[in-house]
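Asks: For reference, the chains in residue letters:
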Amino acid sequence: MAKTETYNIRLTVNDRPVSASIAAETTLLDFLREQGFIEVKRGCDKGDCGACTVILEGKAVLSCLTLALQADGCKVYTVKSLGTAENMHPLQKAFVGHEALQCGFCTPGMLLAAKALLDSNPHPTRGEIREAISGNLCRCTGYQKIVDAIEAVSKGAYR
Amino acid sequence: MSTDYSVVGKRLAGVDEKDKVLGNIVFADDFVMPGMLHAKVFRATKASARLKKLDVGKARALPGVACVLTAADVPHNESVKNVVGQTTEVGLLEAKHQVLVRERVRYWGEPVALVAAETSKIAMAALKLIVAEYEDLPAVFDPLEALKPSAPKIHGNNNVIASWKLRKGDVAKGFAEADVIVENTYRTPRQEHAHLEPESGVAWVDDSGVVTVRYAAQVIEHYRDIATVLGLPESRVRVIGTLIGGGFGGKEDVTVEVFLALLAWKTGRPVKLTYTREEMGYGRHKRHPYVLKYRTGARKDGTLTAMEAEIVSDAGAYVYLSPWVLIYSTVHSTGPYLIPNVKVDARSVLTNNIMTSAFRGFGGMQTVVAYEAQMDELAARLGLDPLELRKKNFLKTGDVTASYQEITSEVRLEECARKALEALGEKAVASSPRRKVGRGLACCWQSYGRMTYLHDTANCWVNLEMDGSAVVRSGIPDLGGGQRESLRAIVAEVLGLQVQEVHVISTDSQVTPLAGTVTATRALYMSGNAAKLAAENVRRIVAEKAAEMLGVRPEVLEFRDKTVFSREDQGKKLALTDAIKQCLFQGKVPQSLDTFRAPFTEPITSDVIKDPVFPDFTFGAQAAEVEVDTETGEVKVLKWATAYDVGKAINLNRVEGQMEGGAAQGLGFGLMEDYLEKDGLPLTWNLHDYLIPTSRDVPDIKSIVIESESGKGPFGAKGIGEPSISAAGPAVANAVRDAIGVRVSHLPITPERVFFALQGREKA
Chain E
0 MAKTETYNIR
10 LTVNDRPVSA
20 SIAAETTLLD
30 FLREQGFIEV
40 KRGCDKGDCG
50 ACTVILEGKA
60 VLSCLTLALQ
70 ADGCKVYTVK
80 SLGTAENMHP
90 LQKAFVGHEA
100 LQCGFCTPGM
110 LLAAKALLDS
120 NPHPTRGEIR
130 EAISGNLCRC
140 TGYQKIVDAI
150 EAVSKGAYR
Chain L
0 MSTDYSVVGK
10 RLAGVDEKDK
20 VLGNIVFADD
30 FVMPGMLHAK
40 VFRATKASAR
50 LKKLDVGKAR
60 ALPGVACVLT
70 AADVPHNESV
80 KNVVGQTTEV
90 GLLEAKHQVL
100 VRERVRYWGE
110 PVALVAAETS
120 KIAMAALKLI
130 VAEYEDLPAV
140 FDPLEALKPS
150 APKIHGNNNV
160 IASWKLRKGD
170 VAKGFAEADV
180 IVENTYRTPR
190 QEHAHLEPES
200 GVAWVDDSGV
210 VTVRYAAQVI
220 EHYRDIATVL
230 GLPESRVRVI
240 GTLIGGGFGG
250 KEDVTVEVFL
260 ALLAWKTGRP
270 VKLTYTREEM
280 GYGRHKRHPY
290 VLKYRTGARK
300 DGTLTAMEAE
310 IVSDAGAYVY
320 LSPWVLIYST
330 VHSTGPYLIP
340 NVKVDARSVL
350 TNNIMTSAFR
360 GFGGMQTVVA
370 YEAQMDELAA
380 RLGLDPLELR
390 KKNFLKTGDV
400 TASYQEITSE
410 VRLEECARKA
420 LEALGEKAVA
430 SSPRRKVGRG
440 LACCWQSYGR
450 MTYLHDTANC
460 WVNLEMDGSA
470 VVRSGIPDLG
480 GGQRESLRAI
490 VAEVLGLQVQ
500 EVHVISTDSQ
510 VTPLAGTVTA
520 TRALYMSGNA
530 AKLAAENVRR
540 IVAEKAAEML
550 GVRPEVLEFR
560 DKTVFSREDQ
570 GKKLALTDAI
580 KQCLFQGKVP
590 QSLDTFRAPF
600 TEPITSDVIK
610 DPVFPDFTFG
620 AQAAEVEVDT
630 ETGEVKVLKW
640 ATAYDVGKAI
650 NLNRVEGQME
660 GGAAQGLGFG
670 LMEDYLEKDG
680 LPLTWNLHDY
690 LIPTSRDVPD
700 IKSIVIESES
710 GKGPFGAKGI
720 GEPSISAAGP
730 AVANAVRDAI
740 GVRVSHLPIT
750 PERVFFALQG
760 REKA
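Residue numbers (numbering that gives the first Met the number 0), protein chains in the order written: chain E, 0 to 158; chain L, 0 to 763.
Hints in this document: simulated from the structure, not taken from any laboratory. Check the hints yourself; a few may be wrong.
[As the list claims (entries may be wrong)] 20 Å max Cα-Cα, derived DMTMM-like pairs, lysine to aspartate or glutamate:
| hint | chain 1 | residue 1 | chain 2 | residue 2 |
| --- | --- | --- | --- | --- |
| 1 | E | Lys154 | L | Asp593 |
| 2 | L | Lys635 | E | Glu4 |
| 3 | L | Lys677 | L | Asp29 |
| 4 | E | Lys45 | L | Asp699 |
| 5 | L | Lys711 | L | Asp593 |
| 6 | L | Lys52 | L | Asp135 |
| 7 | E | Lys74 | E | Glu85 |
| 8 | L | Lys120 | E | Glu4 |
Remember, it's a predicted structure, so these values are computed and weren't measured experimentally.
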């Protein structure tokens, strides 16, 4: 196979510096998973399901539709940046408390979509919540408890 | 009733949930091993053809390719299985399967060769170097065409692979007694499971020579299928199940595990295979599309007099579980109604479409589309309220169904239907003159537990550790429904522990006692009962010792908060750990391995179902309110309510979660989803052309949990996994009918179909 040209990138993931030499076509999703950030899920690789959502420079993006090169010099956050077992983020507590998940495969992306929403709009309506997570598919829950959980956090619960 | 439980029935925050929100779960594709190869599947691009030539030479020669396998390399490539309980009309069914195409291709996407390489990029490149040449063979794609004698045969001499019947009373007499008869033909879609996690796994040969496959397994007993294909003793194959990213029946039939095992066995190296989203489309079974021709008669007061149905399911190119799916359809085809005269003929037929098999609802739910539409059409013709008409005909405890099974648990259908309708509240006002608002109700029944002639069992092992914590070992996989969380709750309840004090080791075919499949809404019923039995036996061992130590009878002892105390004299108590230590000291180990057995019946010997087939049924209802745009045909779902008698909710959050998720998946079945093929060529591979409901398609869902405590599961539980989906599509279909006054009998109810229905034109 022809040798592909590689590029060096440096970024931070969950505030940890990461650098690598990558092929130009490497997606941010591939890059993150290869670097061990397996909490970023691959559901479709086509930008349809939202499971690979990460936060890039404050915005929820689909890492499967983002080139790793685009994240060069940027701050990327995965679900692991939200909280730890001892110190969970209110959204994480709410997702557990409301059982806003079943299989958990969409959960990392869903939590980050919810966080990006609340960061920019701390008191959304239920309609705005539904709009904000409409790019994140969930096949298990019917979304009811997810919307409930996000709404609860927006109203000050789980703080 | 309503016993005071300390754990069961609460809104429990499970242990697994925490790890899920923290991003700690190592799903199947997240797992890596040193030196691991990456696999890809080469698939046929013909729906019906003879494989004339297959050249894998160039692929094998590509640097970085470790292995390319064709049918010739598979020790036992073809398998023939006799399907238990198959009908006599068709003959003892020999379900033929091939791991890889040897000669004949029967559907587009059928696996032809396997590649394992150092990287998935190299494996992809190798696929492009494989040369396959085909000679087209006659094909058939319409199941009704496939029934004709002149149709091309997919396997053997008969495309009909299953045929079941109901015969009760005299339908001619019943229809003669009817004041009104409605007749219609309904069609249901080829639904895709669309779980978020693709099929995936890693296989290796361990240091004792055991072929080990760690994958998203809905059925860990597939280690036996792997052993058969490889020609190995079953003890030399191990399946380690992962926490699964959704299954719904999609991971019930064999997917990646046999391919993985073959490649690991041949190369001696770890191998990973993960399906792409497209491959989940064309490489795995779907829900059976059905054609259901129904004729139903009733008296003026709404009492049903007769029902006659012809049911045909499209099995696709391979048998898989189609005969079982069809027996579900047949038994459930009457709906939860007592009908004096019934005649049902159901057939499953092979075509060159993608194979169809297990999917939540399993043949039961397609029939709900027909029988609930018929009820509403009868109500409309008779000028009766849809619920009043249903109430006249609901089954009651003690009634005998048209498949000659007595209903032994409670039937709370009226309560479910009434509460679901009430929960919709005031009817919305249409947002513009061209829009119409309507609401629909659908009631259903759905069995839980497998067919009783399969003699289903589940094993479970429970022990208490010296620190008072408990360990549960159960083969049960967890699809995301909280299957292992339920066991935690049940054992915690029996032993007086907190859920955090119970650790569940699950889903490993060589470590955990086999508990059977997570299918057929059987997990809670079977493994839950097994866990309860084992926990009660452990409790008995400890209680006997504690009674001796306290000088009381074991029967008066209670276990709570790691304390054992006498109900009659609360001063008489001791720490659970002290009792356990005494047990161990005297060699009475607080552990138990138990087997729960479902009722066993004889295999069915007649095509006409005359004996009980299922352990019991769950009953429920869903109600939907929609707004239909009469200009564009667009249907907007405004409100939704779902009410089921679940017997007993083990974890209320999880039960509601099942009900809400089932409603949403059923909404997709009713309005959006159909896996399309054009002459066998799949058209909707991706989630941008196969659309599933998003958070904007699903309205707020009101869940109403009713608990009769009359089920056969632990603490009187029934099952809810499959029942939760069954009434959803039919409810929304009836709501559309109510809004526009015209029946759209072909699901999904797309804007196009609504538009043509309004114009009085049929559109396939």
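Asks: Could you tell me which of the hints above the structure violates, numbers in ascending order?
Replies: Hint check: 1, 2, 3, 4, 7 fail, others pass.
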